[in-house]
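Trainee: For the record, the sequence lines run as chains A and B. If you count the first sequence from 1, position 40 lands on 39 in numbering that gives the first Met the number 0, and the numbers rise without skipping. If you count the second sequence from 1, position 268 lands on 267 in numbering that gives the first Met the number 0, and the numbers rise without skipping.
Hints are computed from structural coordinates only; laboratory data are not their basis. Do not take every clue at face value.
Per label pair, the in silico range of CB-to-CB distance [what the hints assert, rightly or not]:
no. : chain 1 : residue 1 : chain 2 : residue 2 : range
1   : A       : A9        : B       : R19       : 48 to 54 Å
2   : B       : T39       : A       : P167      : 43 to 49 Å
3   : A       : A91       : B       : D665      : 53 to 59 Å
4   : B       : A451      : A       : G233      : 35 to 41 Å
5   : A       : A234      : B       : R773      : 55 to 61 Å
6   : B       : D27       : A       : V37       : 26 to 32 Å
To list a few chain A residues with every Cβ distance to chain B over 10 Å, as calculated [unchecked claim]:
no. : residue
7   : P4
8   : A23
9   : G137
10  : S178
All C-beta atoms, glycine included, are put in the ideal place defined by N, C-alpha and C.
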Amino acid sequence: MIPHPFTYAAPRSVAEAIVLLARAPQHTQLLGGGTWVVPELHLGLRAPRAVIDLRRAGLGGISQENGPDNDVSVTVGATTTYAELLASPVVAAELPLLARMAAAVTGGAALHNQATIGGSLCAARPSSDALGAVVASGGTALVDGCDGRRELPAADMVRGVGETTLEPGELLVGLRFPSHAGARSGYRKVKRGTSGWPLVTASVLVRLDHDHAARTVAVTIAGLGAVPLAVPTGALLGLDVRGEEWVAAVDAAVARALDTVTEPYTDEQAGGAYRLAIAPVAARRAVIDALDPARAWGDHL
Amino acid sequence: MSTDIAPAPSARQQTGIGARIPRHDAADYVTGRIEYFDDTVVPGTLHVALVRSPHPRASIRGIDTGRAAAAAGVVAVLGAGDLLGVGEIPHNVDPAGIGGQHTKVTALADGEVFHVGHAVAAVVAQTSGDAEAAAALVDVDYEVLPYALSVADAVAPNAPVLVPGWRDNVIAGGTMGDGDVDAALAAADHVITGSVSLHRAAPCPLETRGYLAQWDRRARRLTFRGTAQNPHQLRWHLATALGLGEQQVHVVAPRSGGSFGAKMHGQPEEVLFAALARQLERPVKWVEHRRDAFAVGGRELAAHYTASCRSDGVVTGLRVAVDGNLGSPSAAPGWGMVMVGCLTIPNGYAIPAVDITWRAVTTSKAPWNGVRSYGKEIAHTVLERLMDQVAARTELAPEEVRRRNWVHPGAFPHRTPTGLDLDSGDYQGLLRLVAGHVDLDVLRAEQHAARAQGRLVGLGWGFELVPESVDLPGSFVGGMDSSTVRMDANGHVTVLTGVTSPGSGNDTGIAQLVAGELGVPITDLDVVQGDTDRCPYGFGNLSSRSIVAGGSAAVLAARVLAERLRIVAAAMLHTEPSDIRLVDGMAFGPAPEQAVPIAAVAHAVYTLAFILALGIEPSLESTQTYRPGGIRHLPDDKGRINPLGTYSNALALAVVEIDPETGAVDVRRFVLAHDCGTQVNPTLVEAQLHGGVAMGLSTVLSEEAAYTMDGQPVAAGFKTYLLARSPDLPRVELLHQCTPSPVTLLGTKGAGESGVGAAMAATLNAVNDALSPRGVEIDSTPLTPERVFTALVPGAGR
Chain A
0 MIPHPFTYAA
10 PRSVAEAIVL
20 LARAPQHTQL
30 LGGGTWVVPE
40 LHLGLRAPRA
50 VIDLRRAGLG
60 GISQENGPDN
70 DVSVTVGATT
80 TYAELLASPV
90 VAAELPLLAR
100 MAAAVTGGAA
110 LHNQATIGGS
120 LCAARPSSDA
130 LGAVVASGGT
140 ALVDGCDGRR
150 ELPAADMVRG
160 VGETTLEPGE
170 LLVGLRFPSH
180 AGARSGYRKV
190 KRGTSGWPLV
200 TASVLVRLDH
210 DHAARTVAVT
220 IAGLGAVPLA
230 VPTGALLGLD
240 VRGEEWVAAV
250 DAAVARALDT
260 VTEPYTDEQA
270 GGAYRLAIAP
280 VAARRAVIDA
290 LDPARAWGDH
300 L
Chain B
0 MSTDIAPAPS
10 ARQQTGIGAR
20 IPRHDAADYV
30 TGRIEYFDDT
40 VVPGTLHVAL
50 VRSPHPRASI
60 RGIDTGRAAA
70 AAGVVAVLGA
80 GDLLGVGEIP
90 HNVDPAGIGG
100 QHTKVTALAD
110 GEVFHVGHAV
120 AAVVAQTSGD
130 AEAAAALVDV
140 DYEVLPYALS
150 VADAVAPNAP
160 VLVPGWRDNV
170 IAGGTMGDGD
180 VDAALAAADH
190 VITGSVSLHR
200 AAPCPLETRG
210 YLAQWDRRAR
220 RLTFRGTAQN
230 PHQLRWHLAT
240 ALGLGEQQVH
250 VVAPRSGGSF
260 GAKMHGQPEE
270 VLFAALARQL
280 ERPVKWVEHR
290 RDAFAVGGRE
300 LAAHYTASCR
310 SDGVVTGLRV
320 AVDGNLGSPS
330 AAPGWGMVMV
340 GCLTIPNGYA
350 IPAVDITWRA
360 VTTSKAPWNG
370 VRSYGKEIAH
380 TVLERLMDQV
390 AARTELAPEE
400 VRRRNWVHPG
410 AFPHRTPTGL
420 DLDSGDYQGL
430 LRLVAGHVDL
440 DVLRAEQHAA
450 RAQGRLVGLG
460 WGFELVPESV
470 DLPGSFVGGM
480 DSSTVRMDAN
490 GHVTVLTGVT
500 SPGSGNDTGI
510 AQLVAGELGV
520 PITDLDVVQG
530 DTDRCPYGFG
540 NLSSRSIVAG
550 GSAAVLAARV
560 LAERLRIVAA
570 AMLHTEPSDI
580 RLVDGMAFGP
590 APEQAVPIAA
600 VAHAVYTLAF
610 ILALGIEPSL
620 ESTQTYRPGG
630 IRHLPDDKGR
640 INPLGTYSNA
650 LALAVVEIDP
660 ETGAVDVRRF
670 VLAHDCGTQV
680 NPTLVEAQLH
690 GGVAMGLSTV
700 LSEEAAYTMD
710 GQPVAAGFKT
720 YLLARSPDLP
730 RVELLHQCTP
740 SPVTLLGTKG
750 AGESGVGAAM
760 AATLNAVNDA
770 LSPRGVEIDS
780 TPLTPERVFT
790 ALVPGAGR
């Protein structure tokens with residue numbers, strides 16, 4: 000039972016949503032799938048005067064664009080569900096890490112059909128599955144509002160736990176990614192149990208040269224703070240991923256990055272020290288998965 | 000559609016004891032056609048929201064209801080002083096009965112709040128939304144008082160006394176046992192000490208509590224629909240609190256979406272909503288929020304023990320101190336968990352000298368109700384940890400230590416040091432069953448090989464003795480029960496029972512027992528439960544006694560009818576009653592042509608009573624009460640009673656692997672050999688055991704109703720109270736042994752709480768076995784990845 004009265008609107012377009020939002024942006028709650036917001040409304044943790052349900056605002060859909068230099072990008076609408084990500088051949092081909100991440104989201108069909116990727120980013124939870132994978136995939140947040148459109152790197156959309164950098168009156172309309180066709184991906188998470196939130200996630204994208212040397216490497220670790228930690232991977236480039244020094248170099252790069260984390264996130268499910276201790280494990284396993292073609296999508300710790 | 004339809008298999012289904020009959024209403028449950036409490040809609044109903052305390056302890060200086068009373072849809076806002084004609088809430092089992100401290104429990108907090116969530120005021124409104132919105136507008140002026148969240152804080156010399164008028168914070172306590180533990184310790188080859196600390200968990204039924212109270216002004220009668228495990232006792236409870244006669248209260252408990260102890264009465268809301276309905280003369284309804292359901296606690300039990308054993312592994316003495324952190328005082332029966340847990344010690348082992356000290360301590364958390372397994376899990380975990388410690392000290396195999404210490408199969412009946420009379424059992428037989436099912440040598444060789452690779456693999460045993468069919472003298476916790484069996488003139492049978500089903504399907508078991516006695520198809524039979532106007536007086540659902548007591552009573556009543564049917568059928572078929580067989584809906588005589596439908600016999604009883612039914616009392620209705628044989632309330636020469644009627648038992652073997660890098664525990668294999676005596680319906684028994692094992696594993700690994708340091712409950716939903724899901728659980732490999740009870744009519748012992756403690760103990764032992772190469776030990780639950788990792792890597796915790 001939601002203990003506070005509020006008005007509800009389900010706009011049929013982004014323009015209509017922006018107009019509705021502009022009326023009282025500080026007191027309006029936007030709704031994606033509602034899997035985070037609705038329980039918070041029930042618990043009285045949010046008490047908006049107005050709720051705008053974006054599910055009919057035309058913010059779904061996955062499209063592929065071919066740029067002038069044969070560069071391919073993919074735009075994912077903000078209200079795209081995990082089920083839609085998983086059903087999309089474009090995502091399967093161009094965004095392998097997102098597909099892997101979506102497959103690992105627990106909660107069954109009910110949650111896959113309900114929860115949205117844009118909603119997950121706007122909730123800005125350290126425990127999000129999506130955030131780390133979106134950042135590792137080089138996602139750009141597409142934002143619209145009464146003052147016009149703007150774009151920013153997905154990581155910059157998060158200001159703090161549960162807090163975004165969106166201005167009052169702005170909403171997330173979609174995410175644009177560069178294609179990662181042919182890249183190898185890995186996604187791992189540590190949870191307290193299947194019904195828990197991810198405590199730590201590790202997202203990995205690796206491209207190899209023909210001689211098995213690492214050409215590009217992206218590793219993000221989420222769960223330690225509001226913003227996913229992007230591991231600097233320069234020292235890994237050119238290394239033979241079959242060689243013995245590869246895993247040691249990955250561990251070293253992750254360890255250097257983790258040294259910068261001073262106050263790891265703590266919540267009901269796990270303390271910060273534990274998160275910090277398991278982060279390199281998740282990262283190493285995700286990297287190993289990415290390079291092991293035998294690993295199926297959806298594996299997690 | 001084809002017309003070539005085979006006869007429905009159910010029409011000629013096997014009935015009687017041992018038949019694997021599917022639950023008669025399973026399809027209705029899984030398709031949502033069952034009428035649960037919240038499905039009932041009564042026009043004109045008012046809805047209630049409760050204003051709850053944000054403080055763990057405070058005095059109430061004043062309640063300002065002005066803003067709330069003026070809010071939309073609000074009919075009334077009431078505090079404790081505004082309730083008319085409501086007395087003290089009677090205790091389900093008053094601790095004062097065994098020398099503990101009585102507390103006056105009120106429907107709303109009266110002057111002082113004892114825990115976060117304690118209800119202070121009720122807002123009654125046209126819709127539940129209006130009520131919730133207005134509840135936020137009630138201004139309560141609190142003066143915060145010192146509180147205590149742990150047993151240590153509550154029993155400290157300078158602790159605040161949490162309940163006005165109490166001498167200290169101990170609700171009840173005492174000592175139990177027999178023999179000279181000091182002498183045993185002095186003569187021991189080894190002295191072993193240890194402790195076990197179980198965390199607070201919740202009963203967690205998927206259907207939360209809810210009540211709908213209606214007052215009939217003309218008839219001066221209350222109808223109370225609600226999630227109740229014990230409708231007849233709730234009737235007395237409501238009548239007493241409201242100053243009514245029992246005849247003025249009608250309790251209806253609809254089909255249940257699980258109870259696990261949460262729906263035993265004594266919680267303040269029951270009386271509150273009945274009082275509101277009478278005072279406002281309107282139907283009043285309330286459904287418990289999930290967050291408030293998690294506040295109903297249990298299981299927070301800690302034990303410290305010292306034991307003596309000989310070099311041959313035989314345990315000679317045991318001293319245990321058990322403390323329960325009960326939360327704030329309540330009229331619900333949670334505190335009894337500590338006592339029943341201690342009575343269960345020494346868990347089926349023939350330890351001659353046992354000395355138990357126990358305390359149920361009040362703190363500033365929310366109160367307990369009972370939780371499935373009802374405290375026995377502390378006996379199981381303590382004794383099973385001890386057996387593994389003895390094995391380590393004597394370098395014997397852990398199963399061999401158990402084998403040497405169990406009560407021998409030839410030694411029953413066996414009186415335990417706490418006074419329980421174990422009627423029968425073959426615990427060594429359970430070990431043989433498991434050892435015949437798994438190859439222990441192979442499992443240990445695999446473990447050895449895994450350890451050589453640095454993997455953390457562990458094997459753990461967990462034995463449980465599960466005393467059931469409780470009857471506490473002087474309380475309404477009763478061991479007997481009653482059933483009515485009635486056959487109408489068309490041969491249709493209605494069974495009305497005093498026991499209720501928490502969703503377990505005991506009604507199917509009772510139906511098949513009656514069908515077997517009467518020789519009628521189970522499809523010609525209805526079972527009615529949970530209605531105090533229709534059903535005979537009974538004690539509802541508790542202590543795994545629905546089949547033992549309610550099923551046996553139904554069998555006795557069915558036998559009365561069967562005897563009458565045989566006499567009348569014999570008159571119709573011109574033969575002797577002893578020659579009549581009742582089967583498949585027919586009464587057969589000895590000759591092939593001697594056959595008459597049972598429906599025709601029934602019809603004759605009603606219509607030809609002065610011709611064919613002269614030899615019987617001309618009625619096809621009987622109510623019988625069954626009282627199990629084992630319960631003994633006369634104290635023995637040492638002052639001990641046996642308040643429990645049956646003693647199911649089970650032996651679990653868990654194989655776990657711990658991820659050394661994350662601390663995650665994977666239960667790779669789980670075997671449970673169990674003995675609940677005669678099984679009326681093995682399919683239903685297996686369902687109970689699967690559920691019990693799942694609850695035990697989920698509790699020991701994951702579920703936790705935690706509190707913050709400032710007394711706020713953490714659990715608000717299923718993301719802050721983590722139930723195990725199917726990927727977290729192993730396949731349960733079940734093995735059956737049957738040692739019939741010599742003290743119950745059918746040899747049944749009860750299966751409703753089995754598996755919980757065995758799963759907890761086996762998993763705790765397996766995790767410690769896995770950790771043993773690292774030289775660390777865990778004696779506290781839950782075994783979360785973080786806790787296990789912190790044991791492996793000291794200093795890695797929060």
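Trainee: For every hint, state whether the structure bears it out.
Mentor: Each hint, compared with the structure:
1. A9/A <-> R19/B: 48 to 54 Å: holds (51 Å)
2. T39/B <-> P167/A: 43 to 49 Å: holds (45 Å)
3. A91/A <-> D665/B: 53 to 59 Å: violated (30 Å)
4. A451/B <-> G233/A: 35 to 41 Å: holds (39 Å)
5. A234/A <-> R773/B: 55 to 61 Å: Once the Cβ atoms are compared, 33 Å apart, the range 55 to 61 Å for R773/B and A234/A is violated.
6. D27/B <-> V37/A: 26 to 32 Å: holds (29 Å)
7. P4: violated (6 Å)
8. A23: holds (19 Å)
9. G137: holds (28 Å)
10. S178: holds (33 Å)
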